[in-house]
Each structure stands twice: as C-alpha cells, then as structure tokens.
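Respectively, the protein sequence lines represent chains A and B.
With my numbering applied, the first sequence covers 31 to 559.
With my numbering applied, the second sequence covers 346 to 700.
In case anyone wonders, no lab produced these hints; they're calculated from the structure.
What you were told as hints is all true, and nothing was included just to trick you.
Heads up, simulated DSSO-like pairs for lysine-lysine below, C-alpha to C-alpha not over 30 angstroms straight-line:
{"#": "1", "chain 1": "A", "residue 1": "LYS57", "chain 2": "B", "residue 2": "LYS523"}
{"#": "2", "chain 1": "A", "residue 1": "LYS310", "chain 2": "A", "residue 2": "LYS516"}
{"#": "3", "chain 1": "A", "residue 1": "LYS477", "chain 2": "B", "residue 2": "LYS417"}
{"#": "4", "chain 1": "A", "residue 1": "LYS188", "chain 2": "A", "residue 2": "LYS516"}
{"#": "5", "chain 1": "B", "residue 1": "LYS523", "chain 2": "A", "residue 2": "LYS558"}
{"#": "6", "chain 1": "A", "residue 1": "LYS282", "chain 2": "B", "residue 2": "LYS523"}
{"#": "7", "chain 1": "B", "residue 1": "LYS417", "chain 2": "A", "residue 2": "LYS437"}
{"#": "8", "chain 1": "B", "residue 1": "LYS417", "chain 2": "A", "residue 2": "LYS323"}
{"#": "9", "chain 1": "B", "residue 1": "LYS523", "chain 2": "A", "residue 2": "LYS300"}
{"#": "10", "chain 1": "A", "residue 1": "LYS103", "chain 2": "A", "residue 2": "LYS516"}
{"#": "11", "chain 1": "A", "residue 1": "LYS395", "chain 2": "A", "residue 2": "LYS380"}
{"#": "12", "chain 1": "A", "residue 1": "LYS306", "chain 2": "A", "residue 2": "LYS263"}
{"#": "13", "chain 1": "A", "residue 1": "LYS515", "chain 2": "A", "residue 2": "LYS395"}
{"#": "14", "chain 1": "A", "residue 1": "LYS395", "chain 2": "A", "residue 2": "LYS516"}
{"#": "15", "chain 1": "A", "residue 1": "LYS310", "chain 2": "A", "residue 2": "LYS263"}
{"#": "16", "chain 1": "A", "residue 1": "LYS240", "chain 2": "B", "residue 2": "LYS457"}
{"#": "17", "chain 1": "A", "residue 1": "LYS227", "chain 2": "B", "residue 2": "LYS457"}
{"#": "18", "chain 1": "B", "residue 1": "LYS417", "chain 2": "A", "residue 2": "LYS227"}
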Amino acid sequence: MRKLIAGLVLGTALATAPMAAQAETPKNALVMAFAIDDLITLDPAGMFEFTALEYAGNTYDRLIGFDNDDVSKIYGVVAESWDVSEDGLTFTFKIRDGIKFASGNDLTAEDAAFSLQRVVLMDQSPAFILGQFGFTADNVKDRIRATDANTLVMEVDKPYAPSFVLYCLTSGVGAVVDKELVLEHEKDGDLGAEWMKTNYAGSGPFVLNKWTPGESLSLTANEDYWDGAPAMKRVIIRNVKEAASQQLLLQKGDIDIARNLEADQLASVKGDENIKLLSKGKGALWYLGLSQKNEFLSKPEVREALKYLVDYDGITETIMAGRAQTHQAFLPEGFLGAYNENPYSLDIEKAKSLLADAGLADGFKVTMDTRNTTAVMSMAQSIQATWAQAGINLEIIPGDNKQTLTKYRARQHDIYIGRWGPDYQDPHTNASTFAWNPDNSDDASAKPLAWRNSWNPGDMTAEVDKAILERDGEKRAAMYVDLQKKVLENGPFVIMFQETEIAAMRDNVNNFVLGPSFDNNYYRFVTKD
Amino acid sequence: MTAATRKSRDGRTRARLFSSTGASLVRIASSLAITFFGLLLVTFLIGRVLPIDPVLAAVGDHASEQVYERVKEEMGLNLPLWQQFFVYISNVVQGDFGTSVLTSNPVLEDIKRVFPATLELATLATIIGVFLGVPAGVFAAINKGKWPDHIVRIIGLAGYSMPIFWLGLMGLLVFYLKLDWVAGPGRLDAFYVDFIEPTTGLMLIDTLIEGDMDLFWNAVSHIILPASILAYFSLAYIARMTRSFMLEQLSQEYILTARVKGISETRIIWHHALGNVMVPLVTVIALSYANLLEGSVLTEIIFAWPGLGLYITNSLLNADMNAVLGGTVVVGAVFIGVNMLSDVLYRLLDPRARR
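The following block holds chain A by itself, in its conformation from the complex (with noise of 0.2 angstroms):
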C-alpha cells in the first residue's frame, strides 16, 4: 500500500529528478530555522518579543552590555564610560568616539539622549524600563540629556542602585538609534514610529537587509563595524514552525541552526555526527499560578503541599529533555542575588498530610488554564498525574495561549500554568511581579502577577521598593534572597524549572552565541569551517 502511494507521489516527481537542492549553505553566510512570528516590529522603542530583542541584540548597540557568563560584569558599549553622583540621582555618560551608524552619520550623545528620550515619548511597551526612573512625556527632554557631543547626562528621580538603572539600559530600550535618519521619516509627529517599524537606523554589527513578516529576515553584515566586522556577510533567518521539518532542513544542510527543535527531535538528532547542540540557561520561568481566590488554593497547607506535588526531575529530564531546569525561587540562576536551593521535589505522602492539616484528607477539585503547546500539555498532564495521587482532581483547559492569558489576566482562573521572562537583567523585574503588589483590589492599576492570583504580600511590597534603593550590591542581594525565600514559602507560585534555550547547529558552525537573554543571542563572532 505504501509503495501504491509512494509511486504515485514519485510519478510527478521523478520528473523533476535532476534538479536536486544544494547540498550545503555558503561558507560566508549563516542560515537558520527559527519560528519568528513573533517579530512585530523591528523599532527598538516599541518591541518586547523574544525575535524582535535577538534582532536588535544584533543590529543595534546598546549604551551598556554585560558579562554572558558573569552578568554581575557590566561593561560600556556605545557609553565608554560613566559617572554616578554622590546623591545617586544623577548619571554621566562618556560616548565612544569612532562609531558610525550604516547610514554613514556619526554616533553622538544627541544621538544617545534622542533615543532614550524617544521610547519614553512613545510609550510603547517597553517604555515602563525607563519610566519607572521618573522620566514621563513631560519632564524628558530635561532629565535625559547631550551636553556636548560625547556626554550623556541621564537624572532620575530616586537614589536607586547604580546597578538597577545601568541593567536596564542594557535591554532594548538602551538601542540607539540614528536620530537625522529617524527624524527624516518622522510623520504627524511619531517621532518616526511608523516607518521604525519595519525599516533600520542603528550601528550595530548587522544591517537589516529585508524583513518579509512571517517568512524570513535577512541582515548583512556592517563592514565598517567599530568593534570588528562580523565573518558572516549575511544571516538568513527562515520562518520555519514545524520542529519537524527544522530537524530535516538541518540533518540535510539546507540551514546551520536549527533553534525550536523539540524534546523528540533533539533525542533523535543526539546521534547524528554532523549536529551538536548548545543550550545556555536563559531567564524564563515555568510555574504555577495559584488564585487565592479560590477557597482551596488559599489555604497555606494546601500551597506547600502542591508545592511537593510536582514531578521535577521527571518533567525535566522527559518531558522537557534537557530544555529546562528545576528552579523554584523567582530570581533565576544568573541574576544578581539569585537562590538556587530547590527545597521541594516529589513526596506524596508530605502532601497528603499536608493536605490532611488543611482539612482536605479526601482532596478536592480544582481547574487549571493550559497553553494547549506540547511542552506545555505534557507538563499539565504529569502534574495532574501526581496531584491525583494525592486525591486532588485536576481539570485541565486547554486554549491558545493568548485565550488563556486573557483569561488570567482578567483573574477568573483557579490555575494558571505559565512562563515568565523577565523585562531586563535585573533582579527588580521579578521582584515587582511576583514579591509585590501594592493593591489587591479588582480595579487595581498596577497588575503584577501577585495581583493576577489574588495575593497579598503584606510587608513584601514595601521591601521590593526598599531593595531598589540599596546601593550596597551585597546588602541588595541579601535582601533579594530573603525575598525569594518568604515566596518560596507562603507564595501562592509553584515555581518549577528554569529554560534552558537550545540550539542546535551543523558541526562546521562555531562561536554560536548563547546569552542568558534573547538580547544577547549573538552571530556576529560565529565562523563557519
């Protein structure tokens, strides 16, 4: 039967016989398979997607850049340098001389306050980074200022850590742009916000060639990069979804990377000689959402006693194959002031008398809001397997991802199973979302993910504001990791694992960079043999 079909197919095929593909991709050009429909927009004032932060990491400098291996190392990119003043509120740039952007203008420190100022007069989505120093629409122009050609001058509002304030500027919102070039496509007064969006104006080591939505993007190298130019001449990014036909674009040698293969083909291509695979820890967590709305998950017995519920080493090493960790505090390995003790791991009967203290010997039932994705799936339906065993009913409701966040945003789940990656490099990103909440009630305005489950941290909130200000790195980190410890216990989160991204690449392939963010996914070292 399978020869009938096959011969069928072959007939119409057999014509086209000779012309088969080219075998392998160009020595000077980098060719990957990466699902980036999520690249929305290419303006680094208005971007917050995973594809949209890897392409500005790579097409645009940014005023400050950090260790991949060592965060805690923050360096000067377009800023050569900088000063803090002894009240802390106010921050001096050096600009480096020399670089220039593709369109052949010069890098100024006009050019750095243009850009700073601008995410914060659009106030896109990641406008809130710089927004939370006290710049607004208003006040701008004066706080982030050129003084002369090679200073910035940058005032904020409170004496916050130096580190606080330089980690953001490290993130996309940190790119700068060229702003004659901008501002000779501004329209209506956007600031040049519409044509930003699908078009380039920056300095980095790769220049956007074509961006086809949902099918490619292409960039070619900067020959006259300041900091070297790359060996790669172009970088073709393929829009391939489908893990399965990434695995055999790679396997063939039609691409070099392949970047969302899934546990199944990462087990499959472990054996192939000609692919190796190299994973780095990145910041987003998987975890659970307990409402507290809900009579059940509002009792503390019951919240530690899922906590114990969850098969960790099981998911991570099976379901998620090596693509994440187990991590149970909210700071990742990596971050300023991370705990890295996992407390918890599978016990069935702790639960059960956990859950017998709590009045519920007998279990009850409970629903939880899944992402309907593989990994996702996979991973709701071992929970519910352990659960059972302890008399819990776990329902679970599958929707697209952006049905169920509707839904968890609107607070109307009992359990939502989610990821979460932080904003920026610092530890305050987390904090602010799972360790504070200002104002539980419906109407709230600010809406962390406290808010989201209905949690009241009580003295929490006040600490978060407090760390912000600590100018002692060790103290601010002792405070974090009391933090984590006080959610770890009483938070209604059942924090899992951490992600570990992996890309899988040809054997040829070198220098392939990794970061502990999509920012600092970098292709401008790779080589290829």
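Model the placement of chain B on the given structure of chain A, informed by the hints.
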C-alpha cells in the same frame, strides 16, 4: 423548412438563451452580495465573541495597564459592538481591513503578499489532481468491479483517511532527506529567500521573469512535493466523482446506440461519455480547487510555505483579529467566487441547466 425560418428560429433561441443567462447572472450576483454580507457579519461576530483579547496581541503580556487602555482605545474596541461593526463594514467597503498587529502592514497588503503562494500551490495541485484523477476515475468506471477499480478505490480511500500532516512529513523524509530528489520546506532554498523581488508573487513565474533558471528550478524542486501531496487529496475526490459520473453515463441509452452503430469503444468512452461527464465535473474540480485554496494549512505549516493558510492560522493564534477577519473574508470571497464561476460554466456547458 426554409433556410430563412430556420435562421430566425435560431436567432430567437439564442436571444432567449442570452436573456435567461443574463437574468441568472443578476440572480447570482445579488445572492453573492447577500452571502458576502452574511460572511462579514459572521466573521465579525466570531472575531468579537472569541475569548481572546486582541489588545494583548498588540501590547504583550508585560505592558502596563495605561498602555493597555490606550491601545484598546486606539483599536476602537471600547466602542459598542454595533458601532464597531459599522466602522468595520464601512472600512471593508473601502477595501480597508485595518492594520495587522503582527506585521505592522495593512491586512490587504499582507494578503496580496501571501495569497499568491497559496494560489500557486493550489493551482499546481489541482492541475496534477485533474490530470491524474480524471483518467483514474474513467479507468475505474470502465473496469467496474475488476482489480483496476479496486486499486483506484483503495488509493482514493487512503487519500481520504491519511492525515496530510503525516503524509507531508513522510514525503519530506523519503524524497527530500533520503532520496534527495526534491528540495525541502520553503519556496526557495533558505539562502535564496531574498534574492527575488516579487512581481506576481508566483515564484515559478517571477523567477522566469528575472530569467534566472537556477532559481526557477530551485522553486520547481520546492513546490513539486507539497503540490503532489495536496494533489493526492483532490485526486482522490476527483477520481471518485469521475467514476460515479462515468458509470451513470455508461448506463445511458445513447451509449448503447453508439455501440450498436459500431463506434469504437475508445471513442465512446473518451468522447461521448466523458464529454457529458465534464459538465458536472467542472463543479467538482472547482470545489476541490476552492478547498485547496483555503484548506492547505497543514501543508503550509510542514512545508514552511508562507501562504494564506499559514497567515490566518498564525494571526488567529496571536489574536491578530484584523488579519483573521480580513483573511477569512478573502477565503470566503474566493469560495463564493469559484462557486459562482462553476455555476456560470455549468450553465454555459449544459443547455439543460438554462431551462
């Protein structure tokens, strides 16, 4: 009868024929307009009733409440539902389906970009399907109950019951990975993706316009497998329908008469019977073509084929409602259009349908 009277009678018949065709065209056109309006209403309502928040798609999960509210207002989603529909209809009438959140382009522009990819794939698949399916159906009919008939039926059955997802992957595994006869996912090798500026958007034609034969053959080697796999499904349907139409014809009296007259069996089958079968077959082919235009989503996913199916699915998954509505309306319009076309063809080909 004189030549003159015959001529005038012919003239009258022709006039009547045209007026009746004209009237039915008006009827078709008005029912088309009503159907289209219904389509707009239904897609709009489904889009608004879905428990998905399109604002989230625009602002992302981490955005502040202020940004969220502002974007919601910009998108016009705080207006009452009837007002939203009114705005939507008046925009659509002007050819404006709004802007896609995902691509930052007007939806219509996006569709113009992605539709040719689907059109190219579906057209090639239909051509393959017709050229293999019709003879297979005829072959099965004239051998009714014998082994060729069974084979065609089994192939058809398999075509219906095999998941296209699986078949697509198997096809890639065998013809791309193992045998190296065809190229892999995508419309061109990844390395070539930005080598060609779309003129028609049809890769086979654009590469010819550019005169780049390497690229043309590369495009051919990419399209042949997904087109064959899609064709397999329309082929199964076309063969089955051809078979049953043929059987019906072959049992008619005029076939018997022809046989008695001593006309060759080949001529009877391929000329007399198939000629009559062609009329209902046009509808079958048109429907299967329309199906391919809207239903090749899975093929597009496996083969990373950036067409309309992939566009709509991706928009839906990302709550990009303008794109979903625009895409659905276009698919609906194509379906209505193809249906109307097959109706008109049917009338032109079959005199009885005009009565």
